[in-house]
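J.: Now for the letters of each chain:
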Amino acid sequence: MTDVLSQIGSFSRHVLKTELKSAGQLSGGASQETWLFETQDGAKYILRRPPGGVAPTLDEPSDAFGSRHLSSAQEADILTSVHARGIEVPEVVHVFEEGEALYPSYVMRFVAGETIARKILRDPEYDVIRPQLAAQCGEAIAKIHSIGLNDLPELGTSDAAGEVRRYGDILARHGHPHPVFELALKWLRDNLPAPRPKCLVHGDFRNGNLIISPEKGLAAIIDWELTHFGDPMEDLGWICVPSWRFGNIDMPVGGFGDREAFYTAYEKAGGIVDRDSARFWEILGTLKWGVMCIIMIGLFESGVDRSVERAAIGRRTSETEIDLLRMLDGEN
Amino acid sequence: MQDKPTIETLINAVSLFIKDVASPALSGRSLFHARVAQNVLAIVEREALYGAQFSSAQQDRLRLLLDMDGDLEALNKELCARIKDGRLSAENVRAHLVKSTMGKLSIDQPNYAGYLRARELGWPEEDGYQQ
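If you read the sequences in order, they're chains L and X. All letters in the first sequence, in the order written, are residues 1 to 332 by our numbering. All letters in the second sequence, in the order written, are residues 333 to 463 by our numbering.
Because the hints were derived from the structure by calculation, they are not lab data. All values derive from a computational prediction rather than experimental measurement. For each residue, glycine too, the CB sits at the ideal point set by N, CA and C. Do not take every clue at face value.
As a list, the in silico DSS-like pairs of lysine-lysine whose alpha-carbon atoms are at most 25 Å apart [stated by the list, open to error]:
| hint | chain 1 | residue 1 | chain 2 | residue 2 |
| --- | --- | --- | --- | --- |
| 1 | L | Lys21 | L | Lys44 |
| 2 | L | Lys186 | X | Lys409 |
| 3 | X | Lys431 | X | Lys416 |
| 4 | X | Lys431 | X | Lys409 |
| 5 | X | Lys416 | L | Lys186 |
| 6 | X | Lys431 | L | Lys186 |
| 7 | L | Lys198 | L | Lys268 |
| 8 | L | Lys17 | L | Lys119 |
| 9 | L | Lys21 | L | Lys143 |
| 10 | L | Lys268 | L | Lys216 |
| 11 | L | Lys119 | X | Lys351 |
| 12 | L | Lys44 | L | Lys216 |
Derived contacts from chain L toward chain X, CB cut-off under 10 Å, selection only [as the list claims (entries may be wrong)]:
| hint | residue |
| --- | --- |
| 13 | Ile211 |
| 14 | Ser213 |
| 15 | Phe246 |
| 16 | Gly303 |
| 17 | Val304 |
| 18 | Ala312 |
| 19 | Ile313 |
| 20 | Glu321 |
With these hints in hand, go ahead and build the complete structure from the sequences.
T.: Below, the structure written as structure tokens:
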């Protein structure tokens, strides 16, 4: 830890040309570490790196989510491309290269605001801006989806059929039977949306990965490590997964808005909404979160993460089962 | 049969320890984990109360639905197989799955919004559940 602090100090002095004033690790972020630091000139920055500063190898547990995480350099690359288009993401100021002490990691400008979903949904200081968040999110994600793929670094791809297969396989490997998931998988296989041209998909676009300011609302979309090329409706579905409504189940978009405001802003910004397909991705997203909860039990049992939180999250699987049953009934 | 204290009393004792002794001495990440631990004990308490009878209610329904015998895990695997290949439709299995899932929620997360909504909609609780 002192290592990181002294390395940040050295970076500040030699690259930012100002002395370090304060630095500390932020809590949260299971798959990436984030360090906030401030320099003598009053500027604030975020250093983001893999846990312990070690890049995970493919067979390590970071992959246990069944997810393909980007490297720090890829993530910084994407952020830079998105930021250049005036979309609300943090500005990358430095990417460390192989051989440098802080490799692999990158530094971005700190964006002020709140990321804790329950605060955004409950604290009175967000009362004024909250009704605008769904539209702001719709506009921002439409701009992200409209970026030409030729202007972006090469990324992994996914599609609806492949994702359904992937989570079905993970479930089968896990072994313990989940009849509700089986029912959802059957529905998903029977209702696959027609393939659409691929676009840049954020991959974890939901309340919790949004920095919200009480004054202007959406200040930044963060946590780009699951970004890939895929179906734009994946992002529209994921933000509406009931678990990301944090109790406000009648506000499908992140617990703060309705679909109409979100979709209207998306289309106004040039996107095309396929409502049936977005619904398909909501159901697939709910199943995916349920399967992720199951996988996390394995992280505890294998000793990778011995925290009580990691073990207990397995019991959140059933919340996605009741949600799936309600969704298959046509509930909101 | 074990003697007193009962399992409820033991769980209660640990829960009080976390709340009144450990938590005040903790902060940040550890305090958060202490809250999670208390929550886990509440799950354990509800499962001690309902787990066995919910499992046996599920097993009874599955024996009828599948017309075969076996332990709950084996019956559930068979149920999954028949849902997957279409031998059982959503209509065939819905009533069973609703009750089983309501039972899981009443133990895992009785305050979860989706569960509370299902109750408002009149979805039945698992057999043997008492308010």
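J.: Now tell me if each hint is right for this structure.
T.: We went through each hint and held it up to the structure:
Of the supplied pair hints, the one linking lysine 21/L and lysine 44/L holds, its CA atoms being roughly 10 Å apart against a limit of 25 Å. Using a Cα cut-off of 25 Å, the hinted pair lysine 186/L and lysine 409/X holds, with the two alpha carbons roughly 15 Å apart. Distance check on the hinted pair: lysine 431/X and lysine 416/X sit about 20 Å apart at the alpha-carbon level, within 25 Å; holds. Among the hinted pairs, lysine 431/X with lysine 409/X is consistent with the structure: their alpha-carbon atoms are about 18 Å apart, no more than 25 Å.
For the proposed pair lysine 416/X and lysine 186/L, the alpha carbon gap of about 6 Å is at most 25 Å, so the pair holds. Of the supplied pair hints, the one linking lysine 431/X and lysine 186/L holds, its CA atoms being roughly 20 Å apart against a limit of 25 Å. Distance check on the hinted pair: lysine 198/L and lysine 268/L sit about 20 Å apart at the alpha-carbon level, within 25 Å; holds. A C-alpha spacing of about 36 Å is found between lysine 17/L and lysine 119/L, which places the hinted pair above 25 Å, so the restraint is violated.
Taking the CA atoms of lysine 21/L and lysine 143/L, the gap is about 36 Å. The hint is violated against a cut of 25 Å. With a CA separation close to 20 Å, the supplied pair lysine 268/L and lysine 216/L stays within the 25 Å bound. Taken as a hint, the lysine 119/L and lysine 351/X pair is honoured in the structure, with Cα atoms around 24 Å apart against an allowance of 25 Å. Of the supplied pair hints, the one linking lysine 44/L and lysine 216/L holds, its CA atoms being roughly 19 Å apart against a limit of 25 Å.
Because the smallest distance between the Cβ of isoleucine 211/L and any Cβ of chain X comes to about 21 Å, over 10 Å, the interface hint for this residue is violated. Interface hint at serine 213/L: violated, since its Cβ lies 25 Å from the closest Cβ of chain X, which is beyond the 10 Å cut-off. The interface hint given for phenylalanine 246/L is met, as the beta carbon of that residue sits about 9 Å from the closest beta carbon of chain X, less than 10 Å. Contact between glycine 303/L and chain X, as hinted, is not supported at the beta carbon level, the nearest pair being about 17 Å apart and thus beyond 10 Å.
Here the hint on valine 304/L is broken, as its CB sits about 16 Å from the closest CB of chain X, past 10 Å. Interface restraint check for alanine 312/L: the shortest CB-CB distance to chain X comes to about 5 Å, inside 10 Å, so the restraint holds. Hint status for isoleucine 313/L: holds, given a least beta-carbon distance of 9 Å to chain X, under 10 Å. Given hint, glutamate 321/L at the interface with chain X, holds; its Cβ is 5 Å from that chain's nearest Cβ, closer than 10 Å.
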